[in-house]
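Starting from the two chains in their separate frames, assemble the complex, guided by the hints.
So the sequence lines, in the order shown, correspond to chains A and B. The opening residue of the first sequence carries number 1 in this note's numbering; numbering runs sequentially from there. The opening residue of the second sequence carries number 1 in this note's numbering; numbering runs sequentially from there.
A hint or two may mislead.
Unchecked claim - Here are the simulated lysine-lysine pairs, BS3-like style, with alpha carbons at most 30 Å apart:
| hint | chain 1 | residue 1 | chain 2 | residue 2 |
| --- | --- | --- | --- | --- |
| 1 | A | 80 | A | 65 |
| 2 | A | 80 | A | 36 |
| 3 | A | 15 | B | 165 |
| 4 | A | 181 | B | 129 |
| 5 | A | 181 | A | 15 |
| 6 | A | 80 | A | 139 |
| 7 | A | 309 | A | 139 |
| 8 | A | 313 | B | 165 |
| 9 | A | 139 | A | 69 |
| 10 | B | 129 | A | 309 |
| 11 | A | 181 | A | 65 |
| 12 | A | 69 | A | 80 |
The hints are simulated quantities; they were obtained by calculation from the structure and are not laboratory data. These figures come from a predicted structure and were not determined experimentally.
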Amino acid sequence: MPEIALTAWQILLVKVLVILTIVPVGALAGGYAEHKVMAHLQHRLGPMYPGGFHGWATTLADGLKFLYKEDIVPDAADRKVFSLAPAAIFVPVLMIYLVIPIDRNLIVEDLDVGIFYLLAVGSISTIGVLMAGWSSANKYALIGALRSAAQLIAYELPIVLSAAVVAMYAGSLSVIDIVEKQNFPFAIWPPGIGLIAFLVFTTGAVAEMTRVPFDMPVAESEIITGPFTEYTGMRYIFSHMFAEMGHMVAFAGIGVTLFLGGYKPIIPWSPLEVVPGVIWFGLKFALMIFLFLWIRPTFPRVREDQLQKFAWKFLIPVSLVLVLAMGAWVLYV
Amino acid sequence: MAEIWQEVVFWVFAVAMSLAALRVVTSSNVVHAALYLVGTLMGAAALYVLLFAEFVAWVQVLVYVGAIVVLMLFGLMLTRAPIGKAHFDNNQRLLAAVVAGALFGVTSYIMVRAFDGTDVNFARTVGTKAGGLGEVIFSAYILPFEVVSMLLLAALVGAIVVARKDEEVEGHNAD
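In isolation and in its complexed conformation, chain B is listed as follows (with noise of 0.2 Å):
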């Protein structure tokens, strides 16, 4: 029985992700397009509580919906997000599109020869609860936890970097 609700919530989900995430890209309003993303990546909070990835849920929420998208928005209603009826448009969808079918492709292709499957009881994975995930995280995955900190860091550096001013060019120009 809880696997036919399982099912079910699953294919809701589902559903309504994909349909928000066509109307990302076919929306002609870069703001509506954002609150469409928002919808997408909700759904996927949904689906990562479904396989008992509480936390990975929670992490998705915090740090995609409320602070990607929330920057996302403060740079479109900063720069161009005209309100009202205005479009934009450029004429890359057939090469997008072209793109975002090859990446779908070698990703699912990826999953499925990946799994090949196996039937994988999630319940019973490490995801379930958060202690379990740190251990995880700060033993087996330890070298690739680093590695995405130092990229951080370095794109942290490269943003300050880009963002100060230098003020040695700066009195230059003014002689």
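Next comes chain A alone, as it looks inside the complex (with noise of 0.2 Å):
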């Protein structure tokens, strides 16, 4: 086979291309599962129809449907910024994925301090979330708006916190390092302080999907959708929907990065070496995503000062309890 070269440039917009197709395929492929895995655990079917075989097609036809509604701006919104938050909150979520290490060599930028980056660019959505809540001019929005961010703020201390403790582990913040670093799945050694990270990271990410335990922010029987109540049709699903997928997607991807052995076997033994990384990513990858979506039909909403609670009084002091311990492992163990 002849070998191709390709300048900069070229790799840079194949890159791009790759990252542009994969999330709303994986935020499709992720309606469809959410439909699927919850209805199976409440003993239904789910869809059936769309595409003929069990109702695959579910989630795009749903896309088309949603491509056909009225582009609405109510009157009193703030047109230019009610346009652009879309955008600020979907955006960021596409930038995740630039480094996640899909195998060894399979990962768009193998950055030097690739999870701060990840956080770092998290952290962005929350302000397209409060652009969205202002600027629809609409109570409603705002209340969801403030929950929303006040939410992402709290629940992204502990992520940070967890994702240090694994940084601390490795020694490094390049996420190639971080995996190349874990001889076991993190989650599980070393004992204890790797299990109870990957438990807070779990339910940090949850909140800042504002998924169901923590959907305050998107509580449809008090504030209908919250910062995303007068949206419709396209900007309605990039803001909410594939964002929300998006998210599902990125966190189930740095889950697996972080805590689970990425791209490698769940035990270091040399015959399962044979099996490619990418397989191996997938396994862990499909198990993140249906852990998220076990929950959602599982717990009931949260209330909002219970919420700021668990986070502030419990979640926050351990993580930083599992910072101290994983300090403690580094320096004596």
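Given below as structure tokens:
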């Protein structure tokens, strides 16, 4: 096979196109998985007709339906901010995908500051949510945006600290280094610390996605859809559906990378090395997604004040203790 | 060739940043001002990347864009951010302009004098890799680091003191 030589710009273009394809496809697949997993957990069949086989095209049909919907901007809304907000929410989600390693050499960009970049980029969408809520000129949207921002700030800290625990263990911020340093799934080894850090991370991730049980910002029985109440059609899809699903897929990828050994086999046993890393990553990734989907029909919604208390008085102290414990482990063991 | 591109990108970001900064102070809608501030801060992060200081760039995004501006917007929306064409202005524009101009003059003078035409090769400075930066902070600059952390701790304690309900005083008032 002749060597294909690509210039840096061409490689960049290919990478951007891959990300731009993966995220919507991943979001659609995630949406379908959500319908089906939730249905089966509740002894229902879920969607069965669109596309024929077990309703595989349900979310695709849904997406097309939204394309045809009228694009409404409320009269009192701040037009410019209102139209910019979906982009401000969705683009950071796209950027997260840059540093998730699917295999040893299958990563868009192995940054020296890998997980720090993840956390920084992930924090930008909060501004988009505030923009959406404020510009809608709707009290429910504003309340939702404030709840959302308060929640995203509160639960970002446990995520940052649990990621710091992993970085301390690996002695590096690069995602490839982090995966390479994990001999076992990190969630199990070093004893306890990794497992608790993984639980803290998962809880924080569910809260960052504003999914049940942490879906106060979009609690339909109180404030309709929160910040996205006034959004219709494609803007709604991008700001709410794609952002939530895109976040879920991204967090599953981050969780696999930081805690479950990424593209490495589940146990360090040489015959397992034959199986390509992509498959291991895929298996662990599917497990993470299933965990996120499982949580949704299992727990009731947490009240707003309980939600803040849980973050500040329980999760953050726990993650601070974890940082100390990992420091001691790294220094003395 | 690379230098030319670096220069071009610098000017694109510098002009965009300056325009955004100008709108921060001239915009009559406080929320718009805060959003323009996001643009300015993101521009600063981009300039850090141009100077090979990737870690500092993402710190800038995480701390300023992800936390400080969010808190500002949060505060504005909780208190006084009417939706629509409301205008906020005060009569201290001239004073603010004088203070800002003076600050700008002093800092740029110090910056220019400090480097005095020396050519800094940013690709070789410690800021390039996160590890090197950490080593420098925790060895050569340990004292400033500790001072800053004490300052932040004091601010934190202060915030708690201001925010907490003093039960004794409350009980006294109730009598």
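Going through the hints against the structure:
1. A:80 to A:65: Holds. Residue 80 of chain A to residue 65 of chain A sits at ~25 Å (cutoff 30 Å).
2. A:80 to A:36: The given pair, whose Cα atoms are some 38 Å apart, is violated under the 30 Å limit.
3. A:15 to B:165: 54 Å, violated
4. A:181 to B:129: 19 Å, holds
5. A:181 to A:15: 26 Å, holds
6. A:80 to A:139: 19 Å, holds
7. A:309 to A:139: 25 Å, holds
8. A:313 to B:165: 18 Å, holds
9. A:139 to A:69: 24 Å, holds
10. B:129 to A:309: Outside the cut-off at roughly 37 Å; violated.
11. A:181 to A:65: 46 Å, violated
12. A:69 to A:80: 20 Å, holds
In terms of the numbered hints stated before, the structure departs from hints 2, 3, 10 and 11, listed from lowest to highest.
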